[in-house]
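If you want the building blocks of each chain, they are given just below.
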Amino acid sequence: MELIFNLLVQGLQMFLVVAIAPLVAGVTHRMRARLLRKKGASIWQPYRDLLRLMRKEVVLAENASWLFRAVPYLVFAATWVAAALIPTFATGLQFSWSADLIAIVALLGSARFFLALAGMDVGTPFGGLGSSREMMIAALAEPAMMLTVFSLALLAGSTQLSTVVEYLAGPGVGLRVSLGMALVALVIVALAENARIPVDNPSTHLELTMVHEAMVLEYSGRHLAMIELAAALKLVLYLSLIAALFVPFGIAAPGQGVGPHLLGLLYYLVKMLVGAVALATFELSIAKMRVFRIPELLGAALMLSLLGTLLLFVSRSL
Amino acid sequence: MVNLVLGGALLLMMLGLASVVLAGRAGASKIVYGASALLSALVAVVGLVFLLSLAPSSTLILPIGLPWIGAHFRLDALAAFFVIVVGFGSAIISIYSIGYGRHEAEPWRVLPFYPSFIGAMLLVVIADDAFTFLLSWEVMSLLSWALVLAHHREQAVRSASLVYLIMAAMGTMALILAFGLLAGPVGGYDFDHMRSVAESPLLGAIVVILMLVGAGSKAGIVPLHVWLPQAHPAAPSQVSAMMSGIMTKVAIYGFIRVTFDLLGGAAWWMPEIVLAVGAVTAVMGVLYALMQHDLKRLLAYHTVENIGIIFIGLGLAMAFRHYDMNAAAALAMVAALFHILNHSVFKSLLFLGAGAVQNATGSRDMEEMGGLIHRMPVTSVVFLVGSIAISALPPFNGFVSEWLTFQAILLSPDLPDWGLRILTPGVGGMLALAAALAAACFVKVYGVVFLGRARSSQAKTAQEVDRWSLAAMAVLAVVCLLAGIFPGFVIDALSPVSHALVQSSMPVQTTDPWLTITPVASGRSSYNGLLVLLFIAGSASFAAWAIHRFASRGLRRAPAWDCGFVLDAPNTQYGAASFAQPIRRTFGTAVFRVVEHVSMPRPGSTAPAKFRVTMRDPVWDGFFVRIGGGVGWLADKANRLQFLTIRKYLSVVFTLLVLLLLVLTLWN
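Sequence lines, in order, name chains A and B. Just so you know, the first sequence maps onto residues 1 to 318 in my numbering. Just so you know, the second sequence maps onto residues 1 to 668 in my numbering.
Do not rely on the hints blindly, as some may be mistaken.
[What the hints assert, rightly or not] Now the in silico label distances, taken between C-beta atoms and shown as ranges:
id, chain 1, residue 1, chain 2, residue 2, range
1, B, Gln-503, A, Thr-281, 54 to 60 Å
2, B, Leu-661, A, Leu-318, 54 to 60 Å
3, A, Val-247, B, Gly-523, 19 to 25 Å
4, B, Pro-377, A, Leu-36, 48 to 54 Å
5, B, Glu-154, A, Ser-285, 55 to 61 Å
6, A, Gln-256, B, Ala-537, 32 to 38 Å
7, B, Thr-589, A, Ser-42, 46 to 52 Å
8, A, Ile-4, B, Ala-521, 23 to 29 Å
9, B, Gly-564, A, Gly-174, 53 to 59 Å
10, A, Ala-41, B, Ser-541, 28 to 34 Å
11, B, Ala-590, A, Phe-249, 40 to 46 Å
12, B, Val-595, A, Phe-249, 52 to 58 Å
13, B, Ser-605, A, Ser-285, 42 to 48 Å
Honestly, the hints are just simulated from the structure, not real lab data. Note that the Cβ used here is the ideal one computed from N, Cα and C, for glycine as well.
Could you put the whole structure together from the sequences, leaning on the hints where they help?
Pasting the structure below:
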């Protein structure tokens, strides 16, 4: 019975993240527009965009290889698997043991690796520019993320995400310096990984500072739809991760009945809404950085996460 | 069973001798490489059977060598593991060479040394006394040196081999001193005697440092790595694969054999030195690699990086063993051994792929390649597998060993030593940094070499390589995948090795459901490569199927978009140097003192604008140039000794003799 329930939770949450990913993007867009005193598109617009893209034919560059055509699906799949392993409204995920937090970070690394390769495939300057900058950003963001994972793992005594979340949701954690540092570092990493301001501007195509959009410039039709969906999914993944780790209240523990799970679902949706609004507000209140200022920001994240980990190595109670 | 391995090694050496005669004839390379492949494979099978059957160590003493010692050979779990690494790697590389060797212009410069080199590496691994070990080690060094010199008409090759020769000589000298200290004043040169003596911590520390210099210089730890990125690429590609993929592992074998097996104990600060050296090596190696545009040189620098990762694992194992945390020591040891196996597989694969590319395009310069995915379909797939594996991305094998290393690092807050506790988070961060930079570097390699548009006419007309080469690379790629999705079997097979070295082994893995690996406890951490692969494959095919079924399957080829305007010139693409530019700016200014010079002509002038980058190698300029200067100065001073009278010479000899006798008495 419990197995079936856990499988159900796992399956539900797997489809939930995909289902709400465009919505979160839509809410962020809408919120940004409203804050700029614009009317803004409907929050359902991303769904329509995705559907339209999927129905269109693909216009493929003449010298694009098989890799270029396979990458959108691989990127989407790797991101989806990673997102499906993040506890959203319940921790009793059936497959949480198949990959721990380090493996989730590495899965996102795989997705990025393939996307950057695709940027190089057609052999246009924009694609290479995007790939090269994306990998530079990742080279700093990934260690920062890994060290944040270290702090959490040392606190909870496990790298298993479900166990970590259960520990953090339980009593006896309290306010900790190391957790504060981990939160700041994780937020910076999330902004960089999701190509948001101040690191990258998601709403531009023709600007020399762009990173992610330059990399996927050659994509069209269903391929572009997959990549957009994967990007939205990644945003949801990071928001869910931050929510599950730092505001874990309301998350249902395994073995609890249907009621707490429904409540957890409600909490989760609210958290996502708050996250999307907060992201839009933050993006509007800050300017985009020059590309070569980004290492300073990410370096700060790296140092903060290292310091957090170091504190925990010195004493588990910090 | 040691006699089987010894027999295999000696047969390989005799094959080398035979090919001195054979080498000039047509078809000789096929016979020699084929026989090498067969013999190496047989030896690997012997090692595998030995390791899996948990047989007691088998020894053999031959009445050759130094008269009062004889030649001792021994096959135990550790030696068997390395026999597998050497035998399997050599077998596959030899199969590759059956096809690839045809392109050799002067086969007699390669063929005699090639099988003997394999034999010498096997002898190092099974040697059980200092004399046999050092002799085999020297033979291995000299044969590989001869192989590096195969294309001796190029000036770069000659200078690379000179640097190699000097570093190898220095390394062996350190090894001789280390074994001398281990043998003690009584001079017990067989390993059994060394095992039975417990050294004082200070003496142990000196031995470990000497081993770091001796074995570490052969393996390529920073700052003793300078010869490696010169010598490895200079050799023919199959030899580069062998030196980078296998010989560096034999060097690490030497380090493990002495520090974990022969040495009784070392000072508490030794693990810290090994850890720091490993972390610096890992990060510096990959940073160097990012700056390269010679494909094989870049791969050689990645060897340096991976050696650093292995040394991080070994340093952790030393630390845990020192404080009797046996389970953690076993985890760190298995992580290091697993990475040794993984690196030997994917680095051989990548070097063989680089050889194929070099053959097809006639160049090692990445700026002359591009678009090879269209011309070399199979090579491009296997090279992609190797790139993913070395970038430590799931579900391939490189990720598993780095994951295990991370898990070992996460156990280190329990160490009682404060220095280690402050060092290890930094080491973990540097390991993560190295992994992320490696991924960036392999996006660069694969993107510039295989993707994009061809940058030269040779790249445009490149041909796929022969079937032998493709088969060999495909086998290695499959092993990369299998070791990544069934890591439990590898870990279980390694448990007798870790038991012999750190007196404990990891929990049995293959009994877990779905072959999950759980290095410490099931609630703590687990990873299942098979399920991750199935999930990714499943969801990718589901998404592709659903879209093609319900949305659209239309496809039209058109010129690239690129915001509306694509220049035809292929050098408008991102190349190796431009791809690395953001990272060069971020890390290079501090490490390599990179300066970018831009000279802009005046407005109206027709002169082209020029861009130039200058870079300094901190190790070569800051360390070796100074040492070279110091040696020159010393030689000038010592020159005076050449013009002494006979009385003075005699008194110098006499003083030295007295001094040595004094030392010996004090030591006793």
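To see whether the hints hold, each was checked on the structure:
no.	hint	in the structure
1	B/Gln-503 x A/Thr-281: 54 to 60 Å	holds, 58 Å
2	B/Leu-661 x A/Leu-318: 54 to 60 Å	holds, 58 Å
3	A/Val-247 x B/Gly-523: 19 to 25 Å	holds, 24 Å
4	B/Pro-377 x A/Leu-36: 48 to 54 Å	holds, 50 Å
5	B/Glu-154 x A/Ser-285: 55 to 61 Å	holds, 60 Å
6	A/Gln-256 x B/Ala-537: 32 to 38 Å	holds, 33 Å
7	B/Thr-589 x A/Ser-42: 46 to 52 Å	holds, 47 Å
8	A/Ile-4 x B/Ala-521: 23 to 29 Å	holds, 26 Å
9	B/Gly-564 x A/Gly-174: 53 to 59 Å	holds, 57 Å
10	A/Ala-41 x B/Ser-541: 28 to 34 Å	holds, 33 Å
11	B/Ala-590 x A/Phe-249: 40 to 46 Å	holds, 43 Å
12	B/Val-595 x A/Phe-249: 52 to 58 Å	holds, 53 Å
13	B/Ser-605 x A/Ser-285: 42 to 48 Å	holds, 46 Å
Violation of the numbered hints given earlier is absent; every hint is satisfied by the structure.
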